[in-house]
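Student: Residue numbers (numbering that gives the first Met the number 0), protein chains in the order written: chain A, 0 to 403; chain B, 0 to 403.
Wrong hints could be hidden among the right ones.
Treat identical chains as interchangeable: a pair holds within one or across any two.
Straight-line alpha carbon distances no greater than 20 Å define the calculated EDC-like cross-link-like pairs of lysine to aspartate or glutamate that follow [stated by the list, open to error]: (1) K21 / E355; (2) K268 / D358; (3) K346 / D358; (4) K21 / D74; (5) K195 / D226; (6) K9 / E271; (7) K268 / E5; (8) K9 / E116; (9) K285 / E116; (10) K22 / D74; (11) K265 / E5; (12) K21 / E98; (13) K363 / E298; (14) K21 / D99; (15) K321 / E391; (16) K174 / D156; (17) K285 / D42; (18) K363 / D78; (19) K174 / D226; (20) K151 / E355; (21) K9 / D148; (22) K321 / E271; (23) K21 / D78; (24) K285 / E5.
Read the hints as simulated data drawn from the structure, not as lab findings.
There are 2 protein chains.
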Amino acid sequence: MFQINENYQKLPGSYLFSTIAKKVNAYQAANPDANIIRLGIGDVTQPIAPAIIEAMHKAVDEMGHAETFRGYAPDLGYDFLRKAIADNDYRARGCDISEDEIFVSDGAKSDSANIQELFSANSRIAVCDPVYPVYVDSNVMAGRTGSYDKEKETWSDVIYMPCTAENNFVPEFPKETPDMIYLCLPNNPTGTTLTKSQLQEWVDYANKVGAVIIYDAAYEAYISESDVAHSIYECEGARTCAIELRSFSKNAGFTGVRLGFTVVPKDLKCGEVSLNAMWARRHGTKFNGAPYIVQRAGEAVYSDAGKAQLKEQVAYYMNNAKTIKEGLAAAGYTVFGGVNAPYIWLKTPSGMTSWEFFDFLLEKANVVGTPGSGFGPSGEGYFRLTAFGNYENTVRALERIKAL
Amino acid sequence: MFQINENYQKLPGSYLFSTIAKKVNAYQAANPDANIIRLGIGDVTQPIAPAIIEAMHKAVDEMGHAETFRGYAPDLGYDFLRKAIADNDYRARGCDISEDEIFVSDGAKSDSANIQELFSANSRIAVCDPVYPVYVDSNVMAGRTGSYDKEKETWSDVIYMPCTAENNFVPEFPKETPDMIYLCLPNNPTGTTLTKSQLQEWVDYANKVGAVIIYDAAYEAYISESDVAHSIYECEGARTCAIELRSFSKNAGFTGVRLGFTVVPKDLKCGEVSLNAMWARRHGTKFNGAPYIVQRAGEAVYSDAGKAQLKEQVAYYMNNAKTIKEGLAAAGYTVFGGVNAPYIWLKTPSGMTSWEFFDFLLEKANVVGTPGSGFGPSGEGYFRLTAFGNYENTVRALERIKAL
Chain A
0 MFQINENYQK
10 LPGSYLFSTI
20 AKKVNAYQAA
30 NPDANIIRLG
40 IGDVTQPIAP
50 AIIEAMHKAV
60 DEMGHAETFR
70 GYAPDLGYDF
80 LRKAIADNDY
90 RARGCDISED
100 EIFVSDGAKS
110 DSANIQELFS
120 ANSRIAVCDP
130 VYPVYVDSNV
140 MAGRTGSYDK
150 EKETWSDVIY
160 MPCTAENNFV
170 PEFPKETPDM
180 IYLCLPNNPT
190 GTTLTKSQLQ
200 EWVDYANKVG
210 AVIIYDAAYE
220 AYISESDVAH
230 SIYECEGART
240 CAIELRSFSK
250 NAGFTGVRLG
260 FTVVPKDLKC
270 GEVSLNAMWA
280 RRHGTKFNGA
290 PYIVQRAGEA
300 VYSDAGKAQL
310 KEQVAYYMNN
320 AKTIKEGLAA
330 AGYTVFGGVN
340 APYIWLKTPS
350 GMTSWEFFDF
360 LLEKANVVGT
370 PGSGFGPSGE
380 GYFRLTAFGN
390 YENTVRALER
400 IKAL
Chain B
0 MFQINENYQK
10 LPGSYLFSTI
20 AKKVNAYQAA
30 NPDANIIRLG
40 IGDVTQPIAP
50 AIIEAMHKAV
60 DEMGHAETFR
70 GYAPDLGYDF
80 LRKAIADNDY
90 RARGCDISED
100 EIFVSDGAKS
110 DSANIQELFS
120 ANSRIAVCDP
130 VYPVYVDSNV
140 MAGRTGSYDK
150 EKETWSDVIY
160 MPCTAENNFV
170 PEFPKETPDM
180 IYLCLPNNPT
190 GTTLTKSQLQ
200 EWVDYANKVG
210 AVIIYDAAYE
220 AYISESDVAH
230 SIYECEGART
240 CAIELRSFSK
250 NAGFTGVRLG
260 FTVVPKDLKC
270 GEVSLNAMWA
280 RRHGTKFNGA
290 PYIVQRAGEA
300 VYSDAGKAQL
310 KEQVAYYMNN
320 AKTIKEGLAA
330 AGYTVFGGVN
340 APYIWLKTPS
350 GMTSWEFFDF
360 LLEKANVVGT
370 PGSGFGPSGE
380 GYFRLTAFGN
390 YENTVRALER
400 IKAL
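Produce the entire structure from the sequences given, and follow the hints as far as they go.
Tutor: See the structure below:
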């Protein structure tokens with residue numbers, strides 16, 4: 000009789016956002032007239048920019064004619080997109096990253112879940128706490144996390160690096176030496192980030208202890224302060240210790256379009272083995288390229304018109320962030336984030352737990368947020384709101400919260 | 000110091016089609032005037048059908064307006080697509096498969112590589128030989144295949160089921176009991192298939208020994224004979240032992256559009272654990288949905304206009320198959336397949352090895368095919384040509400081969 004991968008059985012409950020969706024759907028079904036405002040999942044609401052829509056129409060037309068039809072894409076991404084990425088996201092910032100170090104994918108969620116495959120089964124992972132659930136869950140499925148402590152809500156073999164108001168959301172170097180360090184900066188869920196010199200210390204640490212940093216820069220476009228790095232490759236030595244994950248979901252609204260990429264420098268090696276070659280092999284074997292139409296959409300992100308339109312889109316969301324942050328502060332909440340990221344991280348009031356505040360907000364204000372504890376034990380007592388709603392709804396949500 | 004997943008180091012050479020692409024590119028660079036005809040990789044050449052193009056334009060427009068914009072798709076696929084699949088591919092054929100047993104993905108290659116994750120690390124896999132390389136390679140990466148014998152080109156822990164002219168390309172039940180049995184029917188690479196009653200025997204066998212059949216039905220649309228099953232769920236008992244992988248790449252030309260789905264029946268269990276729930280959890284954690292635009296394209300495949308247009312497209316390719324099969328036979332080759340599948344499988348002439356014939360055909364006729372040995376040791380001495388070229392090139396390629 001066949002046997003299953005028992006690691007799946009260790010996962011507690013379902014994926015955080017699936018749980019939230021079920022709760023919200025149940026509430027809506029029971030209260031059909033409730034006008035629910037969703038500031039929970041980090042999903043965008045603004046339409047795709049005109050320059051990108053135009054590029055997709057053109058690509059769709061190409062697919063409809065034999066002379067311009069495209070079949071299987073190159074495994075690792077079309078040259079036109081890899082070049083646009085290398086030029087704009089790296090060379091323009093003085094980062095030494097070339098086209099063949101860029102791997103185009105169907106999104107950063109897949110990449111952040113799949114990247115662990117390159118590492119040995121007994122690797123130790125270190126994560127910030129709170130953290131985007133995919134990093135830990137994908138390692139649970141791979142059997143790297145040990146046993147789960149239901150009381151503490153932690154895994155025995157995961158190194159947690161608490162990020163709370165007490166340490167200004169700056170993780171400390173762990174006592175035990177990790178093999179893989181997941182850093183999401185600007186951070187999801189806290190909306191905070193590190194300065195470039197703080198990030199440089201992490202690069203130096205990783206090189207010293209022989210760890211790989213999995214650097215999730217999905218929110219890079221929201222950075223407003225000048226001493227914050229847009230890419231980890233702005234730091235010296237990152238080419239030998241860092242993999243960078245990037246998304247088009249947040250800077251260009253591609254949550255439903257699906258596109259991302261991962262950078263694996265050729266200098267990142269374990270002995271003689273190149274992780275760049277390993278990732279190329281994985282792409283070639285387990286993936287068949289992002290859609291041509293979507294890769295053309297990605298290219299348009301880097302056109303002059305695309306850049307101008309997306310700058311406006313990011314500004315629109317960051318104006319929401321300001322609205323939320325100032326509104327909550329005025330209502331007496333303690334708030335963090337929202338300056339270099341589209342997330343606001345708040346202390347729950349009156350000693351409520353994160354899930355208590357979730358239910359309270361859903362029932363009393365019909366506003367959906369994300370309980371901080373869903374991101375890890377140090378998220379308990381915090382709550383996340385996103386700036387990705389539309390402006391009118393964001394203002395309305397804040398009015399409701401203020402009136403509580 | 001971090002350590003890598005050593006299983007990757009066991010993989011011999013690079014992915015088959017990457018190797019071929021490199022060889023062809025090198026030949027083209029050395030012979031810039033050569034007019035190479037590619038009948039190697041199973042990539043389509045006909046443009047996307049008008050009904051699908053129309054649906055994609057409409058979906059692109061929706062993404063450009065706030066009222067109709069779509070962000071993250073439901074993890075498991077949009078209801079409109081899951082319903083169209085359940086209605087057309089299953090209920091219409093009398094198969095008892097419901098919407099919530101269908102998981103929409105970015106393609107069958109990803110699914111066929113990822114599905115092994117649900118099984119324990121020490122599961123034994125059985126594959127037809129020759130076979131689509133992804134089944135074995137994805138299990139190599141997961142450490143299930145033991146050691147590689149360079150002479151025999153086989154893995155110590157893989158159960159091979161030879162499919163050759165001697166047994167009419169019908170695999171025999173293996174002597175050792177497998178946990179997972181990969182069956183691709185109609186078959187890639189041989190272009191042959193089983194009758195429905197032969198398939199029923201495999202379902203009965205799997206239920207008897209407690210194995211799961213991973214049934215790859217990517218070429219279902221090319222079936223022309225009435226005693227061949229379009230889905231494994233046409234067989235009694237398949238709901239307790241079979242997972243079915245389906246693709247839009249071959250029936251609708253989506254190789255560059257990217258869409259597929261996997262069926263995991265709720266009756267497929269290991270003890271009390273539902274594989275349907277496990278796959279749902281994997282999708283929710285490691286995947287973020289297929290693009291909205293592409294899912295609308297998939298829906299259009301099932302529209303009346305889409306069905307009519309795709310019937311013509313399949314007929315176009317099957318006319319190519321007939322051209323190749325009859326042309327090769329007239330030239331004295333021994334040929335198989337091409338009746339229920341768009342692949343022709345031929346015996347190499349004059350005792351050439353598969354790769355010798357590959358080089359011979361590339362250099363003397365400027366025609367690219369796929370060496371049978373690339374699909375497994377029992378593929379040695381065979382060669383695959385695809386019917387997915389355009390008609391004019393297919394005729395031209397056959398003229399060149401006949402003139403050799």
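Student: Hint by hint, say whether it matches the structure.
Tutor: Here is how each hint holds up against the structure:
no. : hint        : verdict
1   : K21 / E355  : within (16 Å within a copy, 58 Å between copies)
2   : K268 / D358 : neither (47 Å within a copy, 35 Å between copies)
3   : K346 / D358 : within (15 Å within a copy, 68 Å between copies)
4   : K21 / D74   : between (36 Å within a copy, 13 Å between copies)
5   : K195 / D226 : within (6 Å within a copy, 67 Å between copies)
6   : K9 / E271   : between (35 Å within a copy, 15 Å between copies)
7   : K268 / E5   : between (31 Å within a copy, 13 Å between copies)
8   : K9 / E116   : both (19 Å within a copy, 15 Å between copies)
9   : K285 / E116 : both (11 Å within a copy, 12 Å between copies)
10  : K22 / D74   : between (39 Å within a copy, 16 Å between copies)
11  : K265 / E5   : between (35 Å within a copy, 18 Å between copies)
12  : K21 / E98   : between (42 Å within a copy, 18 Å between copies)
13  : K363 / E298 : neither (44 Å within a copy, 39 Å between copies)
14  : K21 / D99   : between (42 Å within a copy, 15 Å between copies)
15  : K321 / E391 : within (14 Å within a copy, 62 Å between copies)
16  : K174 / D156 : within (13 Å within a copy, 40 Å between copies)
17  : K285 / D42  : between (27 Å within a copy, 17 Å between copies)
18  : K363 / D78  : neither (51 Å within a copy, 31 Å between copies)
19  : K174 / D226 : neither (28 Å within a copy, 65 Å between copies)
20  : K151 / E355 : within (18 Å within a copy, 62 Å between copies)
21  : K9 / D148   : within (10 Å within a copy, 36 Å between copies)
22  : K321 / E271 : neither (49 Å within a copy, 50 Å between copies)
23  : K21 / D78   : between (41 Å within a copy, 16 Å between copies)
24  : K285 / E5   : between (22 Å within a copy, 17 Å between copies)
Hints 2, 13, 18, 19, 22, counting from the list given before, are not met by this structure.
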